[in-house]
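Trainee: Chain A is already provided as a structure; the job is to place chain B on it using the hints.
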Amino acid sequence: MVLNTLRNLRSARHAVAPRAPRPADGEVLLETVGLTKAYAGADGELPVLGGIDLQVRAGEVVALLGKSGSGKSTLLRCLAGLVPPSSGAVSYRGTPLTGANPGTAMVFQTFALLPWLTVLQNVELGLEARGVPADARSRAARQAIDLIGLDGFESAYPKELSGGMRQRVGFARALVVEPDVLMMDEPFSALDVLTAENLRGELMELWESGQFPTRAIVLVTHNIEEAVLMADRIVVLGSRPYGTIRETFEVGLERPRDRDAPAFEELIDRVYRTMTGRVKETHGSGPSPVRAGQTPLPGRAEGIEPDRRTPANSPLPGASVDGLSGLAEMVAHRGGSCDLADLADDLGLEIDDVLPLVDALELLGFAVVTGDDLVLTDRGTTFAGADVRRSKEIFAAAAVDAPLVRLITTSLRQNPEAALRAGFFRDVLAHHYTSEQVTQQLETATDWGRYAELFGYDAEREEYRLDEGAAA
Amino acid sequence: MSFRTSSPAPRATSRFAGRLARLSWVDAVVAAAVLVLFYVVLQVGHGTTVRFSTDQSIKVDTDPAQLPYDAARSLLRMFIALAASLVFTFGYALAAAKSRRLERILIPALDILQSVPVLGFLTVAVSGFIALFPGSMLGLECASIFAIFTSQAWNMTFGFYQSLTSLPRELDELSRSFRFTRWMRFWKVELPSGMISLVWNGMLSFGGGWFFLVASEAISVNNKDYALPGVGSYAGAAIADGDLGKVGWAIITMAVMVIGVNFVFWRPLTAWAEKFKNEQSEAGEVQRSLVLDFLRRSNWPRVLGTALRPLGRALNRVGRVLGTDDRPLTVNGTRRRTGDVAFTVVAGGLILWGLFDLGRYLREQTGLGVFGEPLLLGLATLARVVVLVAAATVIWVPIGVKIGFSPRLTRIAQPVVQVLASFPANFLFPLAVWFFLKTGLSINIGGILLMALGAQWYILFNTIAGAMSIPSDLREAMDDLGVVGWQRWKRLILPGIFPAYVTGGITASGGAWNASIVAEVVTFGGTTLTATGLGAYIAKATAAGDFPHLLAGVAVMSLYVVGLNRLLWRRLYRLADTRFAL
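These protein sequences, in sequence, are chains A and B. Residue numbers for the first sequence, in our numbering: 1 to 472. Residue numbers for the second sequence, in our numbering: 1001 to 1582.
Chain A on its own, in the form it takes in the complex (with noise of 0.2 Å):
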């Protein structure tokens, strides 16, 4: 069916005036082979990117997407030759880098500009690395804040620019040094929305233009939209239990991008399914929530018997009580079913913010997830209509069941004097996360079980306690 898919969407690029092949179509530029990243946690390595095989080849705009913890950033930097790979290797233009890579300039989300020099002297901070002499170096650096519509702002400090200002300024320094692949690391998601789209157009009416002095772009983002806008092919990387491909689209369609179009649409579906883990097939008709016929997914909560699942192979989404039960109030105003997508767009968020709330509620079993709806059980349903006391019931019996909430509850149990050291806890977790896995994880099994009323926590003396109600 993908094939399929892709076929038509080919064809139809192909029928619609082919634009003007970029000057040397299709050298690789950028090579991975094998690439792994770990770094080191309590336990040994922590492994953060594993086999990753990725080309980036003249012409193209390569979007790198993933959840957040999905290494897309270390994928980005291990590129960049900023971070060395744990093994594997990365090559620029056949050579295999041993350093910072030469051919690439970096766009950051925070913008990274030096709040102590103007726009101009920022712009220039490169070709003076280079060794430019100060006039050529000016003269460059003038043509890339015209090209990028900055001009009137040469003299400005950072701090007086808005941050799409500061945005372009990001944009120019990187393009000042016409490096043969211009790499991007989510440069648009420190900005509001409309900035951003604005932005965005420039930039890819620029890159049509030919005037665009690199020769490549990778893209990283977590946002499917920005993706299908921009790229020609998207490299989906998942995050259980590390990240690697799990799947390249590539995007056929015409620029500029129609948001309306059917196949538009029908791609960011696609890649949302790919992304979310979840496969579009609804077996029997309307929401169950028993999950047959669902592709189980290696290292996926859902995809483990509950029986089964453990504190290393389901971990706790970074989810609120407060975040979820919010969700599921609002599923619940719309009938106790909606469209993941809608509702994330309705609420002006990015899929990051939401998904870890799906796969709370999830866990809980308070819904399930078919297709790109998201369904309230019978359990989420009263939990979402209940007063405060009844959903702390509701919540207690199902957060026990979580694994990292059950493993504290039964080991507190088991303890004579009802206190154990968060310590303790960390340990045993720490031969599956790095450190700050595992305080995320700590921290949502503490919110989840002091709401619940299983089990309190002592931040001063780190010390987990058996709440005496639930003892008994």
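If you are wondering where the hints come from, they were derived from the structure by calculation, not from laboratory data. We put the beta carbon where it would ideally sit given N, CA and C, even for glycine. There may be inaccurate statements among the hints.
[What the hints assert, rightly or not] Example chain A residues on the side facing chain B (calculated, C-beta under 8 Å, incomplete):
#: 1; residue: 108
#: 2; residue: 115
#: 3; residue: 116
#: 4; residue: 134
#: 5; residue: 136
Mentor: Positioned in the frame of chain A, the structure of chain B alone reads:
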């Protein structure tokens, strides 16, 4: 440490607390290394003083008309020391931040150097430098500058090291991704990022330096009196003559210098450093300086800028020889381990050898029992420090809170306290001695007052800063709930000022230990009052040129300071960081 209400101080706190865990045996090794270093310098100084034979003491002219010249000489010394501290800061902090191996030694060493009573260094320095420049005043000058330097450098170095290691990740990536030269990384990224901390720490250290200026211009070592022209030696001579009027002139001159330097140098500098704030919007409250505004209105900045541009370009070009800021992606594991082992063996061997030699020296001279007496005397000084900190807390915390809660009072009080804190307290000692003689107060008790003259202000100043940092909506909420009296102190004010208070407390306690060396033995006219304590022990050993006892005294005092920091202040720091951070 935190003479202000905004910027890097909070970060300093958290890093401080974080280091607690990492320091353990490294500390012991480095403490030993510092002790050995001290011993080596002492040996060199001791060996060379024998040849020194200028027996005549230098007479100081105490005509008040001489004061402007003296003041200029003193100021020159202060600024040379500041320049030296700056150079030291760059070298030491960069070495520690860039070399993994050096970092393991340099940073704990810095930590210990911060705790060593600087005045103990003085005699060593004087003998050493006089030996370096025989028959010339230059030796004395260098010794004085060195004393001031040792009071300034550690703080600045530590601050700059922290800003180097906490450089925002994206700026590091910017530098490497755009292939900056190493010089560009330092000049355009690292130095500007660390500028605010550098300026503020420099200002604080400079304020502390006055104390050492006064203490180092006139000093008796090895039963010989040395004096350099300067405000400190002027005051020293006036004190020796018992002439209160001339002491008064010296005090006025000192006050003018402290306030003047603040006005024409530090204030403009802190206001200028605002441009290095790494924040994305205009700050609400900024440092302002009349002098800087005046300068900015003139043409000089532009003229100077144009004149200096070729120099900047030349530096840039020359800096290219330092190479590109790049980190190799692959590390040769075997070579790295071999290097580590070699480094450890060499460094450890040197320290062991030095320790062995030190033990042999002490055994030959006095026997290792030499440590017993200072350990005991240290308890007396410890008691003084504890009483001082407790009393200063009881007196100044309520006043500081009152001031900090009122913006009007803060505006008036803050600059005054700042000047009081940097005014060298040892200047006021003669007045105190005169007071003791009149009232018959024992120096054993009075010594606390003398030590407090300098140390107490840190507690006041930081309490004011802490009270200012309590958000006004919290205070309004307490008003609204009717939380008053003790409950208000317990629930809002004390927890709110706690982090700042700890910073003030650690500075005050360190300052008090240092001050004990000059406060436990005081002279006015023909009268000398001596208290029982470790400070007096060190002062006596200094005056007599008794190196084994001096060495033991300084080592024991460092032990007390480090111990107190580790057992009390660090824990409070951590508590402040985790529990009471606002």
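Trainee: Would you list, in rising numerical order, the hints stated earlier that this structure does not obey?
Mentor: 5
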